[in-house]
Amino acid sequence: MTDAIIKLTAAQIAARIASGELTAVQVTEAHLARIEAVDEKVHAFLHVDREGALAQARAVDEKRARGEKLGPLAGVPLALKDIFTTVGVPTTVGSKMLEGWIPPYDATLTKRLKDADVVILGKTNMDEFAMGSSTENSAYGPTGNPWDLTRIPGGSGGGSSASLASFQAPLAIGTDTGGSIRQPAAVTGTVGVKPTYGAVSRYGMVAFSSSLDQGGPCARTVLDAALLHEVIAGHDPMDSTSIDAPVPPVVEAARNGSVAGMRVGVVKQFRGEGYQAGVVQRFDESVELLRELGAEIVELDCPSFDLALAAYYLIAPSECSSNLARFDGLRYGLRTGDDGSHSAEEVTSLTREAGFGAEVKRRIMLGTYALSSGYYDAYYGSAQKVRTLITRDFEKSFEKVDVIVSPTTPTTAFPIGERADDPMAMYLADLCTIPTNLAGNAAMSLPCGLAPEDGLPVGLQIIAPALKDDRLYKVGAAVEAAFVERWGHPLLEEAPSL
Amino acid sequence: MTTTTDLVSYEDALASYDPVMGLEVHVELGTKTKMFCGCSTELGQDANTQTCPVCLGLPGALPVVNATGVESAIKIGLALNCEIAEWCRFARKNYFYPDMPKNFQTSQYDEPIAFDGYLDVQLEDGEVFRVEIERAHMEEDTGKSTHVGGATGRIHGASHSLLDYNRAGIPLIEIVTKPIVGAGERAPEVAKAYVRELREVIKALGVSEARMEMGQMRCDVNLSLRPHGTEKFGTRSETKNVNSLRSVERAARFEIQRHAAVLSSGGTIIQETRHFHEDTGSTTSGRVKEEAEDYRYFPEPDLVPVAPSRAWVEEIRSALPELPLVRRNRLREEWAVSGTDMQAILNAGALEPIVATIEAGADAASARKWWMGELARSANESGKALDELAITPAQVARVTELVAKGDLNDKLARQVIEGVLAGEGTPDEVVDQRGLKVVSDEGALTTAVEEAIAGNPAIADKIRGGKVAAAGALVGAVMKATRGQADAARVKELILEKLGVGEG
Numbered sequence: 001m002t003d004a005i006i007k008l009t010a011a012q013i014a015a016r017i018a019s020g021e022l023t024a025v026q027v028t029e030a031h032l033a034r035i036e037a038v039d040e041k042v043h044a045f046l047h048v049d050r051e052g053a054l055a056q057a058r059a060v061d062e063k064r065a066r067g068e069k070l071g072p073l074a075g076v077p078l079a080l081k082d083i084f085t086t087v088g089v090p091t092t093v094g095s096k097m098l099e100g101w102i103p104p105y106d107a108t109l110t111k112r113l114k115d116a117d118v119v120i121l122g123k124t125n126m127d128e129f130a131m132g133s134s135t136e137n138s139a140y141g142p143t144g145n146p147w148d149l150t151r152i153p154g155g156s157g158g159g160s161s162a163s164l165a166s167f168q169a170p171l172a173i174g175t176d177t178g179g180s181i182r183q184p185a186a187v188t189g190t191v192g193v194k195p196t197y198g199a200v201s202r203y204g205m206v207a208f209s210s211s212l213d214q215g216g217p218c219a220r221t222v223l224d225a226a227l228l229h230e231v232i233a234g235h236d237p238m239d240s241t242s243i244d245a246p247v248p249p250v251v252e253a254a255r256n257g258s259v260a261g262m263r264v265g266v267v268k269q270f271r272g273e274g275y276q277a278g279v280v281q282r283f284d285e286s287v288e289l290l291r292e293l294g295a296e297i298v299e300l301d302c303p304s305f306d307l308a309l310a311a312y313y314l315i316a317p318s319e320c321s322s323n324l325a326r327f328d329g330l331r332y333g334l335r336t337g338d339d340g341s342h343s344a345e346e347v348t349s350l351t352r353e354a355g356f357g358a359e360v361k362r363r364i365m366l367g368t369y370a371l372s373s374g375y376y377d378a379y380y381g382s383a384q385k386v387r388t389l390i391t392r393d394f395e396k397s398f399e400k401v402d403v404i405v406s407p408t409t410p411t412t413a414f415p416i417g418e419r420a421d422d423p424m425a426m427y428l429a430d431l432c433t434i435p436t437n438l439a440g441n442a443a444m445s446l447p448c449g450l451a452p453e454d455g456l457p458v459g460l461q462i463i464a465p466a467l468k469d470d471r472l473y474k475v476g477a478a479v480e481a482a483f484v485e486r487w488g489h490p491l492l493e494e495a496p497s498l
Numbered sequence: 001m002t003t004t005t006d007l008v009s010y011e012d013a014l015a016s017y018d019p020v021m022g023l024e025v026h027v028e029l030g031t032k033t034k035m036f037c038g039c040s041t042e043l044g045q046d047a048n049t050q051t052c053p054v055c056l057g058l059p060g061a062l063p064v065v066n067a068t069g070v071e072s073a074i075k076i077g078l079a080l081n082c083e084i085a086e087w088c089r090f091a092r093k094n095y096f097y098p099d100m101p102k103n104f105q106t107s108q109y110d111e112p113i114a115f116d117g118y119l120d121v122q123l124e125d126g127e128v129f130r131v132e133i134e135r136a137h138m139e140e141d142t143g144k145s146t147h148v149g150g151a152t153g154r155i156h157g158a159s160h161s162l163l164d165y166n167r168a169g170i171p172l173i174e175i176v177t178k179p180i181v182g183a184g185e186r187a188p189e190v191a192k193a194y195v196r197e198l199r200e201v202i203k204a205l206g207v208s209e210a211r212m213e214m215g216q217m218r219c220d221v222n223l224s225l226r227p228h229g230t231e232k233f234g235t236r237s238e239t240k241n242v243n244s245l246r247s248v249e250r251a252a253r254f255e256i257q258r259h260a261a262v263l264s265s266g267g268t269i270i271q272e273t274r275h276f277h278e279d280t281g282s283t284t285s286g287r288v289k290e291e292a293e294d295y296r297y298f299p300e301p302d303l304v305p306v307a308p309s310r311a312w313v314e315e316i317r318s319a320l321p322e323l324p325l326v327r328r329n330r331l332r333e334e335w336a337v338s339g340t341d342m343q344a345i346l347n348a349g350a351l352e353p354i355v356a357t358i359e360a361g362a363d364a365a366s367a368r369k370w371w372m373g374e375l376a377r378s379a380n381e382s383g384k385a386l387d388e389l390a391i392t393p394a395q396v397a398r399v400t401e402l403v404a405k406g407d408l409n410d411k412l413a414r415q416v417i418e419g420v421l422a423g424e425g426t427p428d429e430v431v432d433q434r435g436l437k438v439v440s441d442e443g444a445l446t447t448a449v450e451e452a453i454a455g456n457p458a459i460a461d462k463i464r465g466g467k468v469a470a471a472g473a474l475v476g477a478v479m480k481a482t483r484g485q486a487d488a489a490r491v492k493e494l495i496l497e498k499l500g501v502g503e504g
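Quick mapping for you: the protein sequence lines, in order, are chains A and B. Numbered as in full-length UniProt numbering, the first sequence ends at 498 without a single skipped number. Numbered as in full-length UniProt numbering, the second sequence ends at 504 without a single skipped number.
Be careful, since some hints might not be right.
As the list claims (entries may be wrong) - If we take Cβ atoms under 10 Å as the criterion, some of the chain A residues that face chain B in the derived model are: (1) Gly100; (2) Ala107; (3) Ser211; (4) Gly234; (5) Gly374; (6) Tyr376; (7) Ala378; (8) Ser382; (9) Val386.
Claimed, not checked - In silico lysine to any residue, SDA-like type, Cα no more than 25 Å apart, as pairs: (10) Lys69/A - Asp284/A; (11) Lys93/B - Ser382/A; (12) Lys385/A - Asp110/B; (13) Lys203/B - Tyr297/B; (14) Lys396/A - Met238/A; (15) Lys93/B - Tyr369/A; (16) Lys32/B - Asp239/A; (17) Lys385/A - Pro299/B; (18) Lys93/B - Ala378/A; (19) Lys468/A - Gly272/A; (20) Lys111/A - Val64/B; (21) Lys385/A - Lys384/B; (22) Lys93/B - Ile416/A; (23) Lys437/B - Asp410/B; (24) Lys384/B - Val355/B; (25) Lys111/A - Ala37/A; (26) Lys144/B - Asn241/B; (27) Lys111/A - Leu303/B; (28) Lys114/A - Asp99/B; (29) Lys93/B - Ser258/A.
Hints were generated in silico from the structure; no laboratory data involved. A quick note: this is a predicted structure, and the numbers were derived from the prediction, not measured. Built from N, CA and C at the ideal position, the CB exists for glycine as well.
So here's chain A without its partners, still in its complex pose (with noise of 0.2 Å):
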């Protein structure tokens, strides 16, 4: 039984709680056994709301059995990144400086899941506030890839990937800053969407670097992925950056897949020395089959890609080094020090070098540097422009193209511990995914085969103008489903089992 459970999608799970196949108590149970028989194993985890979850399932089936109307993914159970705040439910962003902390607030994200009915299991593992491809940054230790435990989940959000493709959770939340949601989604054979900047609120979402931070849905199938998507976009009156215009028609495009007759950009950059050729190969047939189902392949120039990476250790650093300057062991979270001995300005120094980690702290000192009078403009000043000319290269693009395709990482997921000291080599996996959170728009990482040299899963990325999803899921669910036939199962088939 749980076994069959936690095979399902979210759309199935729906529809049999809808009918009464199954009662979401069922559902969550099921899950709360899978976590608790493997995820000793994967650690994609950080707290598990058992009671919580259980307490949301059983309104949902009395709700039902008041023969009240359910939303579309009521009764489905979801694992939350740990960045966006829960009440009475620990929120530590992977970091020993909120350590214990318990918002009293709700990010509005979790509002809406829980307005949908959703079932939140718990918190999963990142690394520490955002910062990092591999979850090895974590305060509380790293996530395994349920495709080899060896391996990284990636990152920053491992534990929710991770979570997804050990059927843990049929859905998941991640945040997207580099590349953070399509990355893990990549490299665990899962979907992850960074929808367009503004269409899902920040509030309640702790801060890295808030030009470029997106909350996104991720999710083992494509249609899942729309489904969640839809419950958390929307105009959000308590963040500024809130876009104020209806959700794309994102589900509707899902359950519409096609590329017939759209032109579909490969970007000339995405490409070279770096790049693994499993994936490089797995991308070139992703984009055979994009032309034998009726695309047409256009050839694109972005010059400005180059800088890309660049500009984004400038700006996010900057960023960062402000919005992590409110933890200072004052009002919550972490405190050291305080023994009487030290002043205010002390505790609050000897707390930030308690409780941040090496790479938080590497970020913070690059930002504080990079905005420092007298190199503001060198290098602060010098990124904004190049992501000026980034937006300006995807525009002049999609005047051309309807998406732009590319590998959504340069390799499958490497072994734990192997780039951990080489922080530019991890800054490497997010070469793809960089530009497009340069530029505000949107992009969604999908499952495209297993590269023959290390049997690991590449990921698809398919890029769409800011406000354009639906294009993401229209060309996605296409994808998905012409892949699921040449292989004859969901790729997540052949992951070992745990």
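Got chain A sorted already, so can you dock chain B onto it with the hints?
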């Protein structure tokens, strides 16, 4: 803790140097809610009861701009003859301080909402001095630290500090002047007049009560000296948070004398912040700015740019109230008073009471006479401001009405006012209770006049003989007999009539 500071006399300082000033005024807006969240801005509530995730800077919280705050900023900008930006952004000013929850202040940097304006200010003698405005920008206030256990309430020596974030996030407008040059010896007076005029403008706009003693308006005085005939500005000191008009003037004056003493003894001025002490009228060193503080400003990514449409700006402009200087000039003409008299009215704080008294029906001359005479004296004796006296403009207007009707003479009116101030009731109640009424019964008056003539035959003869001035003595006798309740002018008329003498 204050070290003695050598000063040179003010005259000597001005003989050698030319002061250059820059004034930065912070005004707390009177919006109902804070600048970036929905918390109340009401003062005097229990500590930390007016807070939320946003103004406490909790992880994940985001700001949303208060539109009324932006509108107030635009009003101030327009009243100060500024350009209003078509597009501007907020910026983060980064520095660590416990009373600032996010450890950055959401402010504006190189894109202020208002810039390039001026304010004409009137000095005591009526001379108008134009102060150029560099900018007016929006920002949020910090929380409040109370240092406990130290001797002076300062952080130094304190055992612990208490933090109240009720004030954190209250909207502030910072108004910065361009360097004020050419004021010479009148620089301190200009500083005071500027802050006063600014306060009047803010109050007239209705965007803040601008009460300096409540910290709703505070002034930083930047001052430097340069030798006469030189162009280059000297090193400045910044005297922070001066919170009364008088202190602004005194702080500027003290700094001129202190700078002059340092410079003329061959020393150099250190760029630093200074604290002003009300009790001694002196300033002491605060924190030394060895190099320009690096606040690492950058555009606030959590807020969208502010882009007030021209239509909105013009709508606000057309709804601006009459500004204080314009209004004062109009009133001066309407009341037909001299510039000096008007200045005296302003200095006495009598402008608004007089206006209100006229609005309540009094004529301008009478309203002015009472507020600048009897009431000003009373206020002075009791150490109160005019608007703190226990009499309303409407009551003053009623007294002038009773005088105009002939029910009271000036002497009785003074007694009525005295009674109202003493809490005996309204003017009419005081009239009743004290039995104050001009004797207008001609019969009773005639009898009193006849008695006075009969009782003073010598004086009566003098008057008959043409010495009309002697009538005063008889008037006095009649007034005494009627306990002052007679109309003195009528009494004189009756006396002259009785004695068959024509006036003049």
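Hint-by-hint comparison with the structure:
1. Gly100: Cβ of glycine 100/A sits 13 Å from chain B, so the hint is violated.
2. Ala107: holds (6 Å)
3. Ser211: Hint holds; serine 211/A Cβ to chain B Cβ min 4 Å, cut 10 Å.
4. Gly234: violated (16 Å)
5. Gly374: With Cβ-Cβ at 8 Å, under 10 Å, it holds.
6. Tyr376: Given a least distance of 7 Å, the restraint on tyrosine 376/A holds.
7. Ala378: violated (14 Å)
8. Ser382: Hint on serine 382/A: violated, closest Cβ of chain B at ~13 Å, above 10 Å.
9. Val386: violated (16 Å)
10. Lys69/A - Asp284/A: With Cα atoms ~45 Å apart, lysine 69/A and aspartate 284/A exceed 25 Å; violated.
11. Lys93/B - Ser382/A: Holds, at roughly 20 Å.
12. Lys385/A - Asp110/B: holds (18 Å)
13. Lys203/B - Tyr297/B: Not OK: lysine 203/B and tyrosine 297/B at ~31 Å, beyond 25 Å, violated.
14. Lys396/A - Met238/A: violated (33 Å)
15. Lys93/B - Tyr369/A: Distance ~15 Å between lysine 93/B and tyrosine 369/A Cα, so the pair holds.
16. Lys32/B - Asp239/A: Within the cut-off at roughly 21 Å; holds.
17. Lys385/A - Pro299/B: The hint holds at about 14 Å.
18. Lys93/B - Ala378/A: Between lysine 93/B and alanine 378/A the Cα gap is close to 19 Å, so the pair holds against 25 Å.
19. Lys468/A - Gly272/A: violated (29 Å)
20. Lys111/A - Val64/B: Distance of about 19 Å is within 25 Å: holds.
21. Lys385/A - Lys384/B: Answer violated: lysine 385/A to lysine 384/B is near 61 Å, above 25 Å.
22. Lys93/B - Ile416/A: violated (39 Å)
23. Lys437/B - Asp410/B: Holds - the C-alpha atoms of aspartate 410/B and lysine 437/B are around 11 Å apart, at most 25 Å.
24. Lys384/B - Val355/B: holds (19 Å)
25. Lys111/A - Ala37/A: Violated: lysine 111/A and alanine 37/A sit about 29 Å apart, past 25 Å.
26. Lys144/B - Asn241/B: Within the cut-off at roughly 14 Å; holds.
27. Lys111/A - Leu303/B: Holds. Lysine 111/A to leucine 303/B sits at ~22 Å (cutoff 25 Å).
28. Lys114/A - Asp99/B: violated (35 Å)
29. Lys93/B - Ser258/A: violated (49 Å)
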